[in-house]
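Position chain B relative to chain A; hints supplied.
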Amino acid sequence: MPEIRKTFHQHLDEIKADILRLGAMVTERIPWGTDILLSGNLKGAEELIQGDDELDALYWDIEERCYKVLTLQQPMAGDMRSIVTAIRMNSEIERSGDLMVNVAKAARRIYGSEFDPKVRGLIQRMGEEARRLFRMAMDAYAENDEGKAAALNDMDDDLDTLQKDYIKAIFEAGTTERTDLQCVVQLALVGRYYERIGDHAVNIGERVHYMITGWLPEHAGAARVAVRNSLDSPPAAQEA
Amino acid sequence: MTLADSEIRIEVADRDRDPDPVIEPSSTVFEVADLSVYYGSFRAVRDVSVNVAEHEITAFIGPSGCGKTTVLRCFNRMNDLIDIARVEGRISYHGADLYDPAVEPVEVRRRIGMVFQKPNPFPKSIYDNVAFGPKVAGIKGDMDDIVEQSLRRAALWDEVKDRLRSSAMGLSGGQQQRLCIARAIAVDPEVLLMDEPCSALDPIATARIEDLMQEIKDRYTIIIVTHNMQQAARVSDRTAFFTTEVNEESDTRTGVLVEFDRTEQLFSNPADKRTENYITGRFG
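As they're listed, the protein sequences go chains A and B.
If you use my numbering, the first sequence corresponds to residues 1 to 240, in order.
If you use my numbering, the second sequence corresponds to residues 1 to 284, in order.
For the record, the hints were derived by calculation from the structure and aren't laboratory data.
A hint or two may mislead.
Claimed, not checked - Calculated lysine-lysine pairs in the BS3-like style (CA-CA distance at most 27 Å, straight line):
#, chain 1, residue 1, chain 2, residue 2
1, A, Lys148, B, Lys273
2, B, Lys135, B, Lys217
3, A, Lys6, B, Lys273
4, A, Lys16, A, Lys68
5, B, Lys161, B, Lys140
6, B, Lys135, B, Lys118
7, A, Lys164, A, Lys148
8, A, Lys16, B, Lys273
9, B, Lys161, B, Lys118
Unchecked claim - Which residues of chain B face chain A? A partial, calculated answer using Cβ under 10 Å:
#, residue
10, Ala233
11, Gln265
12, Leu266
13, Ile279
14, Thr280
15, Gly281
16, Arg282
Each residue gets a CB set at the ideal place from its N, CA and C atoms; glycine is no exception.
Looking at chain A on its own, in the form it has when it is part of the complex (with noise of 0.2 Å):
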């Protein structure tokens, strides 16, 4: 028999097409982002924070369209699961993006400050790592491909580690040389983008597992809840 909502999900393929594009995009910035942190180029930072404004617009133009959908079609199973895990990786782009925006923004407030090597080898390894993170994370959504999406979170750890090696060296670098404060806080946060990248790769994987198998993550902190309530509330013959 011959498929018969192909409107519907022609609908649903251009949401994902559009998915993939703005997730190509924010991985486009990842490097760009770096080179603009360690060249100090203003230029650079100014039209990656104006380029912003292009993702934000796509963004919301895909949560409305998926809303159109829910709304319109009330997608059931595969679809379903589709058109949920569209909304919530929309998001988690989208603030991967707004995270490079603050690398140029800080790119800007440490203008003219001199990094110390290992920092900066350091920086442009976290922005491989992030890059890579979330271009894995990309091709598990556009191949459907459930052991890239799980793979993720084991592969976040390098990324986690860089971080500590980078503040550790930012530490270092502190207490050998004359450095400006403003200058270490922006490097800090900096390190911290990158690390959240990784995370927002990561949640992108468990959505995308979700999407192919219906299998959501384990849910930890609902976890620890209950096993504290159970400790917190005496046993039945104890309050009799």
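Just chain B now, with coordinates in the frame of chain A:
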């Protein structure tokens, strides 16, 4: 004979009923195992196995010709009324074989009422429509009370209490369908079978029936056949998806149960690709 006629005949024949001691209550109302239904030599549905739980709404969905209505009609032995219909496999009702020769079909149909696709009130007053079943079933008690209670449970009382002696034919389609529900529950059944009860109704009347189903499921076990997947998703606790398979040698189609699960699970993450394809509109 129309379905409405058959309903009348059943209730008339029910005059001297005795409670069937074989049927005992339990939390599972129906257990269906390897059910097949034949019309002559043609097998309309094959190998259906589902359990229907007490005080739940179970929905049957699937494309036309998948056998969902045929299976529904097995639950109160309506297929007995078709000479060439034959049932294989087992349907147990509270553990007792529903098709055991010792089980009286008329008693089965009193305990297991049916509401049909098209509202089919008798050309009588609203009061007489509701009182008809209890009267012929020999149910004792204050008939005014029975009528009022039934109409209240069917969420119709407030709309008709001042015109009980008016013709039921003057009611709107949605009101007529709720009257049919009142008529079905007036004989105090345990189960209500609903065969596309909203397909002839507008969205507001449909919403009222759906709301009513939620309100009365504390008292009744409900099985609903519906073409409307959103309706199944909205009202039911469990859903069975049926489809058809082509018999190459005879170029006929036989209905088959594909998946039976909690409604939330079936509509969010169905286990079978055929279910996914049907509920998302992707065939083939």
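Hint by hint, here is what the structure shows:
Using a Cα cut-off of 27 Å, the hinted pair Lys148 of chain A and Lys273 of chain B holds, with the two alpha carbons roughly 23 Å apart. With a C-alpha separation of about 25 Å, the suggested pair Lys135 of chain B and Lys217 of chain B falls inside the 27 Å cut-off, and the hint holds. The straight-line distance between the Cα atoms of Lys6 of chain A and Lys273 of chain B is roughly 18 Å, inside the 27 Å bound, and the hint therefore holds. As the CA atoms of Lys16 of chain A and Lys68 of chain A are separated by approximately 15 Å, the hinted pair is consistent with the 27 Å bound.
Restraint check for Lys161 of chain B and Lys140 of chain B: satisfied, since their Cα atoms lie roughly 22 Å apart, inside the 27 Å limit. The straight-line distance between the Cα atoms of Lys135 of chain B and Lys118 of chain B is roughly 24 Å, inside the 27 Å bound, and the hint therefore holds. About 25 Å separates the Cα atoms of Lys164 of chain A and Lys148 of chain A, which keeps this hinted pair within 27 Å; it holds. Between Lys16 of chain A and Lys273 of chain B the CA atoms are separated by roughly 21 Å; this keeps the pair inside 27 Å, and the hint holds.
A C-alpha spacing of about 23 Å is found between Lys161 of chain B and Lys118 of chain B, which places the hinted pair at or below 27 Å, so the restraint holds. The restraint placing Ala233 of chain B at the interface with chain A holds, with a minimum CB-CB distance near 7 Å, inside the 10 Å limit. The beta carbon of Gln265 of chain B comes within 9 Å of a beta carbon in chain A, closer than 10 Å, and the hint placing it at the interface holds. At its closest, the beta carbon of Leu266 of chain B sits 8 Å from a beta carbon of chain A; the interface hint therefore holds under the 10 Å criterion.
A cut of 10 Å between beta carbons decides the hint on Ile279 of chain B: the least distance to chain A is about 5 Å, and the hint holds. Evaluation of the Thr280 of chain B hint against chain A yields a held restraint, the C-beta minimum of about 5 Å falling below 10 Å. Of the supplied interface hints, the one on Gly281 of chain B holds, with its beta-carbon coming within about 3 Å of a beta-carbon of chain A, less than 10 Å. Residue-level restraint check for Arg282 of chain B holds (minimum Cβ-Cβ distance to chain A is 5 Å; threshold 10 Å).
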